[in-house]
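Protein chains: 2
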Amino acid sequence: MCLTREVVEGPGVNYLGDAGAGAGALLRLMRDGQPRTRAELAALTGLARSTIAQRIDALLAADFIGPAGEATSTGGRPPAQFAFNPSARVALAADVGATHGRVAVTDLAGHVLAEHRDDLDVGLGPDTVLRWMIERFHELLASVGRGPADLIGIGVGLPGPVEHSSGRPVNPPIMPGWDNFDVQGYLREHLGVVALVDNDVNIMALGEHFTQWPTAEHMMFVKVATGIGSGLMSHGRLHRGAQGAAGDLGHLQLPHGSDIVCRCGNTGCLEAVASGAAIAARLTDQGLPAKSSQDVVALARGGSVEALHAVRQAGRDIGEVLAAAVSLFNPSVIVIGGSLARAGEHLIAGVREVVYRRSLPLATQDLRIVQSRTGDRAGIIGAAVMVIDHALAPAHVDALIS
Amino acid sequence: MCLTREVVEGPGVNYLGDAGAGAGALLRLMRDGQPRTRAELAALTGLARSTIAQRIDALLAADFIGPAGEATSTGGRPPAQFAFNPSARVALAADVGATHGRVAVTDLAGHVLAEHRDDLDVGLGPDTVLRWMIERFHELLASVGRGPADLIGIGVGLPGPVEHSSGRPVNPPIMPGWDNFDVQGYLREHLGVVALVDNDVNIMALGEHFTQWPTAEHMMFVKVATGIGSGLMSHGRLHRGAQGAAGDLGHLQLPHGSDIVCRCGNTGCLEAVASGAAIAARLTDQGLPAKSSQDVVALARGGSVEALHAVRQAGRDIGEVLAAAVSLFNPSVIVIGGSLARAGEHLIAGVREVVYRRSLPLATQDLRIVQSRTGDRAGIIGAAVMVIDHALAPAHVDALIS
Chain A
159 MCLTREVVEG PGVNYLGDAG AGAGALLRLM RDGQPRTRAE LAALTGLARS
209 TIAQRIDALL AADFIGPAGE ATSTGGRPPA QFAFNPSARV ALAADVGATH
259 GRVAVTDLAG HVLAEHRDDL DVGLGPDTVL RWMIERFHEL LASVGRGPAD
309 LIGIGVGLPG PVEHSSGRPV NPPIMPGWDN FDVQGYLREH LGVVALVDND
359 VNIMALGEHF TQWPTAEHMM FVKVATGIGS GLMSHGRLHR GAQGAAGDLG
409 HLQLPHGSDI VCRCGNTGCL EAVASGAAIA ARLTDQGLPA KSSQDVVALA
459 RGGSVEALHA VRQAGRDIGE VLAAAVSLFN PSVIVIGGSL ARAGEHLIAG
509 VREVVYRRSL PLATQDLRIV QSRTGDRAGI IGAAVMVIDH ALAPAHVDAL
559 IS
Chain B
159 MCLTREVVEG PGVNYLGDAG AGAGALLRLM RDGQPRTRAE LAALTGLARS
209 TIAQRIDALL AADFIGPAGE ATSTGGRPPA QFAFNPSARV ALAADVGATH
259 GRVAVTDLAG HVLAEHRDDL DVGLGPDTVL RWMIERFHEL LASVGRGPAD
309 LIGIGVGLPG PVEHSSGRPV NPPIMPGWDN FDVQGYLREH LGVVALVDND
359 VNIMALGEHF TQWPTAEHMM FVKVATGIGS GLMSHGRLHR GAQGAAGDLG
409 HLQLPHGSDI VCRCGNTGCL EAVASGAAIA ARLTDQGLPA KSSQDVVALA
459 RGGSVEALHA VRQAGRDIGE VLAAAVSLFN PSVIVIGGSL ARAGEHLIAG
509 VREVVYRRSL PLATQDLRIV QSRTGDRAGI IGAAVMVIDH ALAPAHVDAL
559 IS
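Listed in order, the protein sequences are those of chains A and B.
Numbering of the first sequence is given in my numbering, commencing with residue 159 and proceeding in unit increments.
Numbering of the second sequence is given in my numbering, commencing with residue 159 and proceeding in unit increments.
Rather than coming from a laboratory, the hints here were simulated on the basis of the structure.
All C-beta atoms, glycine included, are put in the ideal place defined by N, C-alpha and C.
Take the hints with a grain of salt, since some may be wrong.
Pair by pair, the computed Cβ-Cβ distance ranges are [said to hold, decoys possible]:
1. B:395 x A:524: 17 to 25 Å
2. A:394 x B:289: 33 to 41 Å
3. A:370 x B:343: 56 to 64 Å
4. B:198 x A:237: 51 to 59 Å
5. A:456 x B:334: 53 to 61 Å
6. B:187 x A:424: 22 to 30 Å
7. A:198 x B:548: 21 to 29 Å
For reference, chain A alone in the conformation it holds in the complex:
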C-alpha cells in the first residue's frame, strides 16, 4: 500500500490535520461493543484500509477504543481486533425529584459505577441543590478513582419543564427560584464539561428505552407519581417537540369530564383526578390519611380496599387519556413508571382495561403495556445516556480528537 501516514501529507492538504475527521463516525459504529479487525471495518464502511488505519490510530490515541485480541487467521499473522472502550471516560448523571436527589457516575456504556441518593427539597433553589449535586459528583468520582479530566459530560433531570436547548427550567410549578436559571452554564462552569438538562420524565423514557427496549422504535413512558407526565420516543429518538413540552399528558382532559380544579386552573385535567397527589387527597377525605403517592402505595400494599380501588380507577382514567395518545402516536410499547406504579398490578390493569377497549384495533394489535423494569434508576441511566450520546456524536468526537 502506498498510502501511509507519511505520504498522505501531500502539498496543500494536511491529512494528519484531518486525523479526527471521520473517526467519530467509525466510533459510532463501534459503540455496539463488537470486536472487529481493520479489514472488517473497511468492508463495513466502504472506506479505504488506509483511512480506517488512520482513524483507528486516532481513536486508540484518545483511548475510545482498545485492542481486543486477535481474530482467527486463515494463515499468516492473525489480524488485530479493536473494540469500543467504555472505560475511556465517565459521565455524571443526576435525577432530581421534588423531594429527593439521586446522582451517579457511569461508564460510556451507561453502566452505573457508583451512585448516591439523598432526601432533598428541590424548593431549596438552584444554588443549594446544584451545590449539593457538585459535592456528590466529586465524591462519586473519587470513589471510583476518576477525576474531572475523565469526564465526558453531565446529564441532569429536573422535575419540571425544561427548555432542552438552553438547559433552563421554564415556569416550573414545583421549583421556586429555578425559573430560567442557567443550570447548564452553572454546571459547565463548575465542572468544565458539557452539561445537558431535561425534565425527569424524558430522562426516564431514555433510560427505560436504553436498558429495556433498545429496539422499540416508538415507545411511550408514562410517569405516575405526584403528577402525571410522559416521554415519547419516535424512531428510537426522544421526541421533545418544539419547546420541549411534548408528552404533557397531565393536563389533557378526561373524556368523561370532572369538576375537580387542577393546579393549572382548568377543570377535568387527568392529573387533578388520577395523580398520586389527587388519590392521596381523596383517600384522606375518606378517612384514610395519605399525604403522597408513597402513602397511597403503602395503603394499597397493606391491602386497603379503598386504596386498591382508587389506584385501579386512576389506571382507568389514565387509560382514557392514553387511548387518545395511542391513536395519535401509535407506540409499540407503553411503559408505566413512577412511584404510583409500585402499587402493583392494579394501576396497570386499569390502564390496560381502558386502552384496549377504547383505542382503534389497528393501533393496539401488537401494543404492549408494561410496568417499568428500571424503576428508580431509569432517570439517572437516561440522564447519563443523554449526555453520552451527545458527547459521542461523530462531530463532537472529531472535534475532541483533532
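For chain A, the structure is supplied; the task is to place chain B on it using the hints.
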C-alpha cells in the same frame, strides 16, 4: 498524490469493486443542489481527496451528478465543480382519493414535470384503479420523453390505513376490495421499480413539509375532508408509528361529548361531528342540500350563514381535539388542509380560537396554525418525495452504482 484509480487496486482488496460504497453518502450531501469542487467536498466530509475523486467518478457515471462549471481560482487552472443532477431519473407519484385520482411524474428534486387528474371511484377496486394508474403513468412518461429505464421509483397515497412496510391497505373503510392487496408488489411487477405506499394524509404531510416547511422539525398536517386525519413529522421525519396508524385524529373523543354515532361504532368521535360529511348531513337536515365537503365549501363561499357557522364550529371542534395533540406532540407548525380548508378562513379561525385557549402556554408560545399552501398537489409531491428519499438513501445508491 500517489492514490489514483490505478494504484489503489492493491493485492487482496479491489477498491474499484467498492466504487459504489460511500458514494451514496456523498450524494446525500450533494442533494442540496450546491455546486462544489472536489477539494470542498473533501473538506466537508473529511474524506481523502482520492476517495472523493473515486466517488465523484461513480456518481458522474450514474449521471446522479453533473459538471457545474468552474470555481474561481486563486491562480492556476480553476477547479471543476459538480452538482446534483435532478434530471438523472424521474419518479412517478399517485394520489388516490375516494372519488379522484391524480398522477404525476417528477424529477429527483420533487418538481412536477407533468400531471394528470381524473374522477375515479376508489371503490372500483385495486385491479381497475391500478390499471388506470399504470396507463396514466406510461402516458405521463411518454409526454416528458422518458421511459421505464429512467424510473427511480413510484410513490402512492391511498385514502385509508396502509401498512407502510408491506404497502398493503389494512381494513380500509371506504376501499372495498383493497384489504391486504399487495399494491407495492403489483406496481413493482408492472413497472419494474420499487413502489412505496402510504395513506393520503401522510403523503400530504410529507409534501407540505418538503415544499413549505423544510426546516420545521415538528409539524402536524391535518386533513379535513370527507373524514379527518393527520400526519406527524418528528425531527423532520414522518412519524408513522408502530402499525403506520399514527395521526388518527378522526376517532378521538370530543371533550364535550356527542350523541352522534360514528362509522367506527363509537359515539363522540371528532369525525362524526366535524368532518365534511358530517357537516353536509347537518346542513341537509337544516334544508340546505349538501352531499360532500365540496358542497359545504360551495355553500360557505356563496355566503350561506348556516354553512359558515357550521364550518367555524367544525374548526372549534377540531381545535378541542388538536389542543390535546398539541400538549402531547408540541409541534411548531400545524397545517390545516383537505377540501374543507378551502372554505376560507372560517375553519382555521375556529381551530385557532380553541387551540390557543385550551393548550398549555409553553406549547403554543411559538405555534403557528396555518392553511395548506400546497393544496391539491401536497399529496403527489409527498408521494414522489417519499420514494425519492427512499431510493436515494446512501445504501440504495451504493447498491445501484456498484
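Hint check results:
1. Taking 17 to 25 Å as the suggested C-beta distance range, the pair residue 395 (chain B) and residue 524 (chain A) conforms, at roughly 21 Å.
2. For the hinted restraint 33 to 41 Å between residue 394 (chain A) and residue 289 (chain B), the CB-CB distance of approximately 40 Å keeps it satisfied.
3. Range check, residue 370 (chain A) to residue 343 (chain B): Cβ separation about 36 Å, and the 56 to 64 Å hint is violated.
4. For the hinted restraint 51 to 59 Å between residue 198 (chain B) and residue 237 (chain A), the CB-CB distance of approximately 35 Å leaves it violated.
5. Between residue 456 (chain A) and residue 334 (chain B) the C-beta distance comes to about 57 Å, which sits within the given range of 53 to 61 Å.
6. Evaluation of the 22 to 30 Å hint for residue 187 (chain B) and residue 424 (chain A) yields a failure: the beta carbon distance comes to about 48 Å.
7. A C-beta distance of roughly 28 Å is found between residue 198 (chain A) and residue 548 (chain B), which places it inside the suggested range of 21 to 29 Å.
Going down the numbered hints, you'll see the structure goes against 3, 4 and 6, while the others check out.
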